[in-house]
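K.L.:
Single-letter residue listing:
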Amino acid sequence: VDHRFQINLRGVIDLLSHHLYSSPGVYVRELLQNATDAIRARQLLEPGHTGSVRLELIEKQDGGPPTLLFTDDGIGLTEEEIHRFLATIGESSKREVLAERRNDFIGQFGIGLLSCFMVCDELLVVTRSVKGEGRTMEWRGRHDGTYSVRPSEHPLESPGTQVFLVARQDAAEYFTAERVQQLARHYGGLLPFPISLTASGITERINAEQAPWRRPYESASERREALLAYGHEVFGQDFIDCIPLKSTAGDVEGVAFVLPFSPHYNAKQKHRVYLKSMLLSESAENLLPDWAFFVKCVVNANELRPTASRESFYENETLAKARASLGQALRRYLTELAREEPRALQRLISLHGLSVKALALDDDDFYRLVIGWLPFETTLGVMTLVDYRRSYPTVRYVSSLDDFRQVARVAAAQGLCVVNAAYTYDTDLIEKLPRIFQDAQVESFSASELPQSFEELTLEEREAVFPLIKAAEQALQPFRCDVAVKKFRPKEVPTLYSSDAEGAFRRDAERAREESDELYASMMDSVLSGARSSDRPVLTFNYLNPVVTRLAGVPDRSLLKLSVEMLYVQALLLGHRPLSAQEMALLNKGLLGLIAARLDGGNEDSGRGGMH
Amino acid sequence: LTAQDWREQVEALCERAARLRHGEAKVMALEEAVRLADTHGDLDLAFRLRDDLIDAATFGGFPDKALVAFAWCRGQVKRDPERFESDLLLWKQKWVVGRLDDFPHITRKQILEALDDIEQAYARVDAGRRAILKLRYQTARDMGEEAAAETYWAQWVAAPRDYLTDCRACDLDDEIDHHIDRGEYARALEKARPILDGRSACAEIPHLTYGSVLYPLLKLGRLEQARDCHLRGYPMISRNRDFLATVGEHIEFLALTDNLSRGLALFEKHLGWALDHASWRDRFTFHAASGLLLSRLLAEGREAVSLRLPKAFPLHQGQGPYETRALHGWVEGQAKEIAARFDARNGTQHFQRLLARTQRLEQEVRPFPIDTEAS
Numbered sequence: 085v086d087h088r089f090q091i092n093l094r095g096v097i098d099l100l101s102h103h104l105y106s107s108p109g110v111y112v113r114e115l116l117q118n119a120t121d122a123i124r125a126r127q128l129l130e131p132g133h134t135g136s137v138r139l140e141l142i143e144k145q146d147g148g149p150p151t152l153l154f155t156d157d158g159i160g161l162t163e164e165e166i167h168r169f170l171a172t173i174g175e176s177s178k179r180e181v182l183a184e185r186r187n188d189f190i191g192q193f194g195i196g197l198l199s200c201f202m203v204c205d206e207l208l209v210v211t212r213s214v215k216g217e218g219r220t221m222e223w224r225g226r227h228d229g230t231y232s233v234r235p236s237e238h239p240l241e242s243p244g245t246q247v248f249l250v251a252r253q254d255a256a257e258y259f260t261a262e263r264v265q266q267l268a269r270h271y272g273g274l275l276p277f278p279i280s281l282t283a284s285g286i287t288e289r290i291n292a293e294q295a296p297w298r299r300p301y302e303s304a305s306e307r308r309e310a311l312l313a314y315g316h317e318v319f320g321q322d323f324i325d326c327i328p329l330k331s332t333a334g335d336v337e338g339v340a341f342v343l344p345f346s347p348h349y350n351a352k353q354k355h356r357v358y359l360k361s362m363l364l365s366e367s368a369e370n371l372l373p374d375w376a377f378f379v380k381c382v383v384n385a386n387e388l389r390p391t392a393s394r395e396s397f398y399e400n401e402t403l404a405k406a407r408a409s410l411g412q413a414l415r416r417y418l419t420e421l422a423r424e425e426p427r428a429l430q431r432l433i434s435l436h437g438l439s440v441k442a443l444a445l446d447d448d449d450f451y452r453l454v455i456g457w458l459p460f461e462t463t464l465g466v467m468t469l470v471d472y473r474r475s476y477p478t479v480r481y482v483s484s485l486d487d488f489r490q491v492a493r494v495a496a497a498q499g500l501c502v503v504n505a506a507y508t509y510d511t512d513l514i515e516k517l518p519r520i521f522q523d524a525q526v527e528s529f530s531a532s533e534l535p536q537s538f539e540e541l542t543l544e545e546r547e548a549v550f551p552l553i554k555a556a557e558q559a560l561q562p563f564r565c566d567v568a569v570k571k572f573r574p575k576e577v578p579t580l581y582s583s584d585a586e587g588a589f590r591r592d593a594e595r596a597r598e599e600s601d602e603l604y605a606s607m608m609d610s611v612l613s614g615a616r617s618s619d620r621p622v623l624t625f626n627y628l629n630p631v632v633t634r635l636a637g638v639p640d641r642s643l644l645k646l647s648v649e650m651l652y653v654q655a656l657l658l659g660h661r662p663l664s665a666q667e668m669a670l671l672n673k674g675l676l677g678l679i680a681a682r683l684d685g686g687n688e689d690s691g692r693g694g695m696h
Numbered sequence: 108l109t110a111q112d113w114r115e116q117v118e119a120l121c122e123r124a125a126r127l128r129h130g131e132a133k134v135m136a137l138e139e140a141v142r143l144a145d146t147h148g149d150l151d152l153a154f155r156l157r158d159d160l161i162d163a164a165t166f167g168g169f170p171d172k173a174l175v176a177f178a179w180c181r182g183q184v185k186r187d188p189e190r191f192e193s194d195l196l197l198w199k200q201k202w203v204v205g206r207l208d209d210f211p212h213i214t215r216k217q218i219l220e221a222l223d224d225i226e227q228a229y230a231r232v233d234a235g236r237r238a239i240l241k242l243r244y245q246t247a248r249d250m251g252e253e254a255a256a257e258t259y260w261a262q263w264v265a266a267p268r269d270y271l272t273d274c275r276a277c278d279l280d281d282e283i284d285h286h287i288d289r290g291e292y293a294r295a296l297e298k299a300r301p302i303l304d305g306r307s308a309c310a311e312i313p314h315l316t317y318g319s320v321l322y323p324l325l326k327l328g329r330l331e332q333a334r335d336c337h338l339r340g341y342p343m344i345s346r347n348r349d350f351l352a353t354v355g356e357h358i359e360f361l362a363l364t365d366n367l368s369r370g371l372a373l374f375e376k377h378l379g380w381a382l383d384h385a386s387w388r389d390r391f392t393f394h395a396a397s398g399l400l401l402s403r404l405l406a407e408g409r410e411a412v413s414l415r416l417p418k419a420f421p422l423h424q425g426q427g428p429y430e431t432r433a434l435h436g437w438v439e440g441q442a443k444e445i446a447a448r449f450d451a452r453n454g455t456q457h458f459q460r461l462l463a464r465t466q467r468l469e470q471e472v473r474p475f476p477i478d479t480e481a482s
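If you're matching them up, the sequences are chains A and B in order. Counting from 85, one number per residue, gives the positions in the first sequence under the numbering used here. Counting from 108, one number per residue, gives the positions in the second sequence under the numbering used here.
Where hints are given, some of them may not hold.
Computed footprint of chain A on chain B; a stretch qualifies when at least three of its residues, placed anywhere within it, have a C-beta under 8 Å from a C-beta of chain A [said to hold, decoys possible]:
hint, stretch
1, 124–130
2, 138–147
3, 175–183
4, 212–226
In short, the hints are calculated from the structure, not lab data. Glycine included, each C-beta is placed from N, C-alpha and C at the ideal position.
For reference, chain B alone in the conformation it holds in the complex (with noise of 0.2 Å):
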């Protein structure tokens, strides 16, 4: 290859990761073209590459991908702080840091240090605590440490907004999820108003939002409402991986109001992403409500299912129906198998926990059908 072919060679992938949407052809792409920005020694070039592949990976369900441009960014700036531009990279900072928890194999003790570090590195910029304020509630939160996720909601709520907290929608989203683990549902729809009523978004605001409000609205009994979220979230979600555990939540409130054969479609369709996904996090969310679907399935009698499932699932079968009791079990023993690594990694019962409530779900299930029988 002459010089000239490999810079049109970048400029030719660039140019189709900024056509496709969030996901992995996208990033696909860019990593390709870091790759070549490597090969040929450009370091400035592959700086701003790996930027651009921070996001997608990021925004694409790739996390480990986002990581792994990150640590490389991260290495430039610190050798030469003067040629690299380090304050995109704090923002960025903050994605990679949040998602260090969904990976069973970083420590805890890798996790903590990298939150001092961000900490560190914001108070350097003179920047708020209100972002890694946030960070240490949500990563208390998702390791199980209730107490200390309940000392850092205090404190994360109450800070002052600064240049580097998230934006509102999402600040907002992240509230509602703390309601929702405390099962305070109508605090959490209150707040979730201005971004179902389409007043406040981002990116992935309302996507999520219209996930986690699915079982808050069931208990309180809003069927309607909660079928039009689930509606309209769904197509919001269903073409990006990086919404598994998203997927999840709407497999979760389809078993529970008996929809099951919609629920099964869902499962068919995004069992590939669970099977891969460096999330394991997601997996595990998408698994168990999986696992509650697949019960239902045998609840009402149904042995054996018909689906079109990748060749990459173990118990995959180009002919015939998959029986369904094989398929409860080897989804559930995949849940269960990501808890005991999360709460070994975590020193918690966190994950234990999640899957009891899974568990007593069986007992909320009430029909509301969304396909009628009519025409």
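Looking at chain A on its own, in the form it has when it is part of the complex (with noise of 0.2 Å):
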């Protein structure tokens, strides 16, 4: 008899392929998991069954789209069972509906047919159950919506399913040889029994036997080779090490392949996770803890949750226990690196650094076993804080950029070694030392606090260069910089500008201010007077530079006024501090009179309180 569906079958193929599948090739993943559904439900009445799936291409003789044919020895269906899977598809026009139906045997069944429909407009479906009296039924569907129920003229030898698809005309790419035997590879190349492709006269095995990560080696680096290998088949990259997977919780087992490059911070490692061996996603997220951004990994899971979409897994319990396990085996290889191969952790902190950072940060004995290993910049050069704390009792940290850039120019040569701990995680992994180890000291450190560590003055010397200090505190006042005199190294420097990072950026909405329209300059006022109140920058100048001690002793007021101004700009500009309008006046300004003051000097000795 003829049937018609009560629905729009072209509605539900559209809803499938737009909804459901990611690409017409799809229909591959279907049947193979259709067939493993089936396989497996045999194997529960017959413990013994190993199954196999047999893909068969039929050419056409004139030439016209071939047949796939495409056979399990599976369970197989009843005519009721065939009668159930087509109300399924009856009722799978809302997507719900069709989600839940994915979870059982026979609702699967019917969708999976389905979208067979996006590459071909004829299925026929012969089918002999394991149970009942051993008829072979076959059902005749097309795209249009009608199909029909019989059974069989030519029965089956013994149970199973076999699909006929003849390929629509503008889908016969997706029936060369080439591209079926890609798809199923794809899909089921890790299914545990065979499954074979005939075309051309040719049968070739396309799976393996057994998972590479389960196979037997002969030796360790064997094994890692054709890990490796398989890592490159996979995703096309020569990976730098591998590191096998394995969770009780979720029955999850696999590999992890160690990124040749560091990642970009925003790229997600996309990892390729099977669910009972079938491929479940090429782009799964959820899997590791996100410390772990140094690997992709292929892994089965056998008995984790997928969500709706299929693209991950569920967050539960069986999840967050997979993943701490996960997680776990690649610290333990990093903590194996740490201790046997050093030089092998240190290519891979040169890599991975953060990674290697991040973990430190979560877990103590890590932290504890790689700190050593970790390197650190310093106004000193590169070093760990293991050779730090060797010769200095208290770890000095500044935590940003400029900071460290104010005090690198004289603490080298003043020896004072600070830690610049402005890379990501550094502050944290710096300031977390002290929790680790009972005897460390650390301290953070600011450029505004460097005048404070440089030599105080003789009461002498003060009394001889305190006009120095006054002339200079009132040419200043207008920039809110205070003054200071000390003694530093290397005396070359004849004044150092220092502020906190309030300050830095204070005279960054200060040039905006400059820069910008009433509008945003009236909103750069407000940033101004809403920012911390943060400590004024110091001028300090360098008792131990001649140019300084010499101009302490210059009696006019207006060319010393001008030479503490032009000091000023050049500590700003050397301190690559970039001039605001104001500043950039005193500049032009500066260097006109400084030349008019040395023409008008004549032969005069005035030079002496010039600048070189």
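Please assemble the complex out of the two chains, which come individually in their own frames, going by the hints.
P.N.:
Okay, structure coming up:
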């Protein structure tokens, strides 16, 4: 009898192809899923049954599109079951129902078959169930929604299901031997029973006997090579190492590949995951702890629950436990590297320092182990915190690049070792030090504290330099800058401008105010008034510098002022401080002023107070 | 420094910034590069670098730095429109103007002028009004001007999309907030489905959405799904201070479901951000939620809690546990102070009402353990 679905089949197919399926090629996945389910169902009844899937491409004599015959020796369907799956199709016009139906065998069978209509107009299913009296049934369905169910005139010799797909003209590309083989291998490459493809009279098995990580190998190095080759095959990349993964929770197994480059900050590592040996997703993200962004992995999970979109796993306790176990496996790998192959660890740190640091922050034991290998930039060169503590009792660090640049100019000459902790995680790592090592001391340092570490003047020197202090204070008042005189090295540096991070931001806002229009300039005023009150910047004169000492003796007030202003501008520029308009004017005016003073001075000895 | 040196330095800083995820380190690298370009007077480079800095600061949790960089760039475009590309800046102006109300020291007048200004700028390039209507709606919502918010909301959702409107995922997320405000939780969750199913996403979605649906899910008794959203959403936001307010939403969820230890772990980890965050609105959300959490601890008789809090915290101590009551008093004091500042600026009672809401939540606790005692 011919029947017609009570729904618009085209509509359902459209829905499927737009919402459920990324490409028509997934029809192979759906057929494999159906075959796998059928074989597993039969295995429950007949525990010894291995199962197999056969694909055969039958070319038409007239050169028309070929037919794909897809055969499994699974449980097969009874007539009653055929009617049940047809009913499912009738109900499946709602996406929610669809998602639900996929979780039961018969429902999935129907939905899986529907996907075939993305590539063909007519389907023939011939099936014989293990159950019942062994009758072979056939179902012939067409894309226009008509179908027929009847006993087959060509009974099957043994239970199982055959699906015949006649390629539609415009979908012929999905029916070439290469494409079918590639698709079947892609989705079913890990399935634990043989899958074979017959095309042009040649039959070959297209999946390996076992997942690469389950195969026996002669040696560790052979295993490593094979897995790296597998990684290359899957991701098209040469990885630098591979790490076996295993978790009892969720029954997860697989391998993680260490990326050969530092990942871009927003590149999420997309993992390839199989669910019960069938490809689930090539872009699962929530499988590893979030510090583990240095690897990409392939895993098979037997007991994790996929989300409705089947792109990743449902966040439940099992997944949390599985993630923790997989994280442990990665941690174990890093720990072993630290213990046994420190050179390899150093190479890894140079590529994936951020991952290693993130883990060290989360994990105290790992911190203890790895902190001796993490390089930090300091004013005296790159060193580890362990090296640092050998020479200095207290680890001093700055948390901003601006601070570091200011400090770096004189710290080395002063013998002051300060860590640049402006890189991601570095400040946190340093602050963690005393929590891990009881005797460790750490101290955050700001460039504005730098002058405090300089040598003070004697009373006589103070008296001698006092006029300079007075004059400088007055000259720099309009710039909200304080003045100090100290002794520091290197003595070639006449002055040092220091401010904290807030001070640098203030200067940025002031410059923006000068550049912007009235509306936004007024907002810069608000920003400045709302900014945290910070210490004023300080211009520290270096008493060890000959120009500075000579300047203190200059009687000409205006020349003194001019010189102070120029030293101020010079200090800003040497400290990479962009000048404000007011300071730029100072520079222009000052240069001319100094030239004029020099010219006016003639033969008098006023050059004493000038600049070189 | 020679000319070559500083350009190489800028390049190295940019390369470093490109590798870093959004956050302070990335912002600092670009700020440093900008200062180098400024020092050497390379205006074009300074403009390009600030353009990047606006992104990094906006998405890395430094809206004040984005504003300053934007103000500078805007000045250049106004002065020399031929030389400086303004299309991208027009897009970014939305981010900047949208955050103005986060700063209590920016006056209401300045905010309204900035809205008028961006409206004119968009009109000049013949863009539709959708983006502007959304900005006006959100500003009114943030400032507690309820009638205006309603009006703009209706206009916004009806306005057609154009090239300057936000992406669909962002728009959808903002629509969800509106329904949550009105207590239309089922409606909000219905709208959130494409996002929660992973069919609609962008740089900050679903990160934000996972946080905002927590309370609606609780109200509707969909606890398992709420837990899933917490477990999935928190890792997405835990390393970026731009999500401070969303952290607050997760803390509120943990307090409401009686997962106090987890909540405390979040408080400990993120208090540092709240101490110097440029967005006072985000600080408020964090402190208010933390107040609820600490008050729950007090209700359970936890007089003291062991925490490692940052040195910059005024009650910081190196040794021994913190008094819960003192912590509670401090965060609540912060929330109240910020609320008062905002309400004074806005001329509404919006933040007082938000405080009252948090108070009411004490009665809505519904234990739902995330960590089971097993094994």
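K.L.:
Compare the structure with each hint and give your call.
P.N.:
Here is how each hint holds up against the structure:
1. 124–130: holds (count 6)
2. 138–147: holds (count 7)
3. 175–183: holds (count 8)
4. 212–226: holds (count 7)
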